[in-house]
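Novice: The listed protein sequences derive, respectively, from chains A and B.
Quick note: the first sequence uses the numbering used here, first residue 23, plus one each step.
Quick note: the second sequence uses the numbering used here, first residue 4, plus one each step.
Since the hints were made in silico from the structure, they are not lab data.
All C-beta atoms, glycine included, are put in the ideal place defined by N, C-alpha and C.
Some hints here could point you the wrong way.
Unchecked claim - Some residues of chain A that are not near chain B, with every Cβ distance over 10 Å (derived): (1) Gly119; (2) Ala123; (3) His157; (4) Pro190; (5) Ser277; (6) Leu338; (7) Ser347.
Claimed, not checked - Sample of chain B residues at the chain A side, in silico, Cβ under 10 Å: (8) Leu11; (9) Pro13; (10) Pro24; (11) Val41; (12) Leu44; (13) Val47; (14) Met48; (15) Lys49; (16) Met50; (17) His52; (18) Ala72; (19) Ile73; (20) Gly76; (21) Ala78; (22) Ala83.
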Amino acid sequence: MITVIQPGLYTTVQDRGRFGFYGVGFPPSGSMDQYSSAVANILVGNNPDAAVLETTFLGPTLEFEQDANVALTGASVDMTLDGISIPLWTSVSVKKGQVLAFGGAIAGVRNYLAIRGGINVKPMMGSRSTYVASHLGGYEGRVLKPGDRLEILQDSEPKEVRVGCEIPEDLRVTPRAHQEIRIVSGLCHYLLDPQSQELLVSKPFTISTEANRTGYRLKGDQLSFVERRQPFGAGSDPSNVVNLGYPVGSLQAPSGLELICLMRDAVTGGGYATLATVISVDLDILSQMKFPETVSFESVSLETALQLRSDRGQRLRNIAELVNSIA
Amino acid sequence: MSDTQEILAPFPGIFYRRTDPGSDPLVELGQEIAVGDVIALVEVMKMFHEVQSTIAGTVVEFCVEDGDAIAMGQALAKIATKL
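One chain only, chain B, in its complex shape (with noise of 0.2 Å):
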């Protein structure tokens, strides 16, 4: 059994889910994860902020596309938890 919870913006900015452009994604879809993985960077202001998971599980989706513009609240990823 699991259940579905989304990473949600935790302010507005562009989403990012590699450091740089040439590198490997910081979270792979299916990917397993902890509280406090680092799963992708939002820019706002001119600077980029980690964006740490809260949830615990296994990615199974990325609701916005690598360099979308996000509002502040807007769901990130999925995660499936393990009931």
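Bound conformation, chain A alone (with noise of 0.2 Å):
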């Protein structure tokens, strides 16, 4: 068991993701720096599936009842074990009655910590992953609270791992105050002017105070749609369509003032123009960007965001080999 002493400010139990019910109105939840949380699983040996912690600014102060290895990715922070500074992105030993506490996140938003086995809460439709908004999976469905008590799974085949086994600086995540984000074209990014079209790729846009699991609300220049006549079905604003699928990392825009880019916990349908994707490598990257922050968009095809997701699991697998070949 490991106890809650203090929270931080939006401590959930994420994994991979709750998949198979976007069609019914379900998000997948999950990481959302979905790398950071896979090297942390590897270097504790567990697999991909096993549930997490994620961080948001601030991270918890825990006590663990019982001994346990864990490994700590993502932001930069300072993080301590009793007291003394422990390394990130490293496989790490904590004996029963330690306190393990997080500092302020120093670059970038979410830390994810793996402890060996995984946290234990229900699965609820083939995941551990918190949705808030539906008070649904993790732990009773929300944020950690002080006075938590996570259990740990014991793990039935466990991979070794070497204490103090670490992770090559080039394979970990740095976050900038600034970052290229490659979309891909979304549905009706026709319906766009061709000078906002131009804008979306040639002008910065700035991470607003208003970033979350759910949607990251962005400040630029101000897009202008097409002159047509609204569809049946659709909304007034230019920006309204008939209602259609979101996909996850979905750009709108609501009357052109702003752009909304919609995470891991949004809705999956409604009624603004789809303008742009964020491919899912850099939903990673934008996961740890707050404001004032600021990212310029490039437009990639569709097979080379499926080629980049693709060498990113390839890049875990890699990890993995590494991390076990120095067992």
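From these two lone chains plus the hints, build me the complex, please.
Specialist: Following this line, the structure appears as structure tokens:
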């Protein structure tokens, strides 16, 4: 068991996500930075579906009531064990009675704490991920509170991982204040006028203070839509369309005033024009960004996006091999 | 003798000096504060979080206006501490 002494700002149990229910309105939830989350699991010998803790800006203070192996990845942060600094992106041994405490994030937003065996909450619809809006999954469907007690799963076939095993610098996430974020064209991209199509991929956009697991609002130059008679069933605003499904990572611009990027807890469909979609590997990067950092969008083909996703998978397999080889 | 230290924003958000628009500021300029006193609220991810002082002393300056968007690590207030 692990007792939550302080929960941090917004700490939830997450795994890879809840898949198969998108069509009936359930977003996938799951770790916002999937890469960091996967690396944390690898570092403690967990399978890729194990549940981890996701923190936001300020992580929790946790008291361990049993020995455990843990690993922390993601944002740059000071983490201490009984007051002594411990390294990130490294497999760390925790003894019964020790207290693990997070400082505030120095760069980036989210940390992933994997515990050998994984966090044992009841799977809901095939996943342990917390979907706070529906009070579903995770720890009682909510963010952690003081006094919560987290159970660790007993690992049936543990992979041995040497304590102190660390991920090389070039395979870690490095948060930056400006990032190139790659997008593929959206179904309704043609509704932007030509100047706005150009603006979307040439001007920077600033992450606003409204940015969470549901969506990121981004401020930038106003976008305008082609003039047309709104079709039957669509709202009256030029940014409205007849309801359609939204991809995760969809970029929309209600009334053209600001961009909204839908994240992993977002609504799965609605009546705003889907202008573009942030590619899955760059959602990891965006998830580590905050106000007032900036992004520039770069348009890539679907083939490139899929290749980059496949490259991320290969990079994770290489990391798993590396970690296992030094066990 | 005194030394001036800054209270820094623990996370990005919107800075508020009052718990609601009609009430008095949580802390006034020139007020003596202790470690742990709530000096402001920051709205982040649709939640309000108290900013507690990490310093004991006298508030000599607020570095941001009520309602301003603040970045993580930005100075919020200057506190004069007695040496």
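Novice: All hints, please: hold or fail.
Specialist: Outcome of the hint check:
1. The claim that Gly119(A) lies off the interface holds: its Cβ sits roughly 27 Å from the closest Cβ of chain B, which is beyond the 10 Å cut-off.
2. Every CB of chain B is more than 10 Å from the CB of Ala123(A) (nearest about 14 Å), matching its label as outside the interface.
3. The non-interface label for His157(A) is consistent with chain B: the shortest C-beta to C-beta separation is roughly 16 Å, beyond 10 Å.
4. The non-interface label for Pro190(A) is consistent with chain B: the shortest C-beta to C-beta separation is roughly 27 Å, beyond 10 Å.
5. Every beta carbon of chain B lies more than 10 Å from that of Ser277(A), the smallest distance being close to 21 Å; the non-interface claim holds.
6. Distance check for Leu338(A) against chain B: the nearest CB is about 28 Å away, which clears 10 Å, and the non-interface claim stands.
7. Every C-beta of chain B lies more than 10 Å from that of Ser347(A), the closest at about 38 Å, which supports listing it as non-interface.
8. The beta carbon of Leu11(B) comes within 9 Å of a beta carbon in chain A, closer than 10 Å, and the hint placing it at the interface holds.
9. Below 10 Å, beta-carbon pairs count as interface contacts, and Pro13(B) has one with chain A at about 5 Å; its hint therefore holds.
10. Interface restraint check: Pro24(B) against chain A, minimum CB-CB distance 18 Å, threshold 10 Å, status violated.
11. Annotation: Val41(B) was flagged as interfacial toward chain A, and the flag is violated, the nearest CB pair being 16 Å apart, outside 10 Å.
12. The interface hint given for Leu44(B) is violated, since its Cβ lies 13 Å from the closest Cβ of chain A, which is over the 10 Å cut-off.
13. With its C-beta approaching chain A no nearer than about 7 Å, Val47(B) sits inside the 10 Å limit, and its interface hint holds.
14. Because the beta carbon of Met48(B) sits about 4 Å from the nearest beta carbon in chain A, less than 10 Å, this interface hint is met.
15. The beta carbon of Lys49(B) is positioned within 10 Å of a beta carbon in chain A (closest approach about 7 Å), and the interface hint is therefore held.
16. With a least beta-carbon distance of about 8 Å to chain A, the hint placing Met50(B) at the interface is held under the 10 Å criterion.
17. Taking 10 Å as the C-beta contact cut-off toward chain A, the hint placing His52(B) at the interface holds, the least distance being around 7 Å.
18. Checking Ala72(B) against chain A by beta carbon gives a least distance of about 5 Å; that is within 10 Å, so the hint holds.
19. Checking Ile73(B) against chain A: minimum C-beta separation of about 8 Å stays under 10 Å; hint holds.
20. At about 8 Å, the closest approach between the beta carbon of Gly76(B) and any beta carbon in chain A falls short of 10 Å, and the interface hint on this residue holds.
21. For Ala78(B), the interface hint is violated, the least distance from its beta-carbon to any beta-carbon of chain A being 15 Å, above 10 Å.
22. Taking 10 Å as the C-beta cut-off, the interface hint given for Ala83(B) is violated, the closest approach to chain A being about 24 Å.
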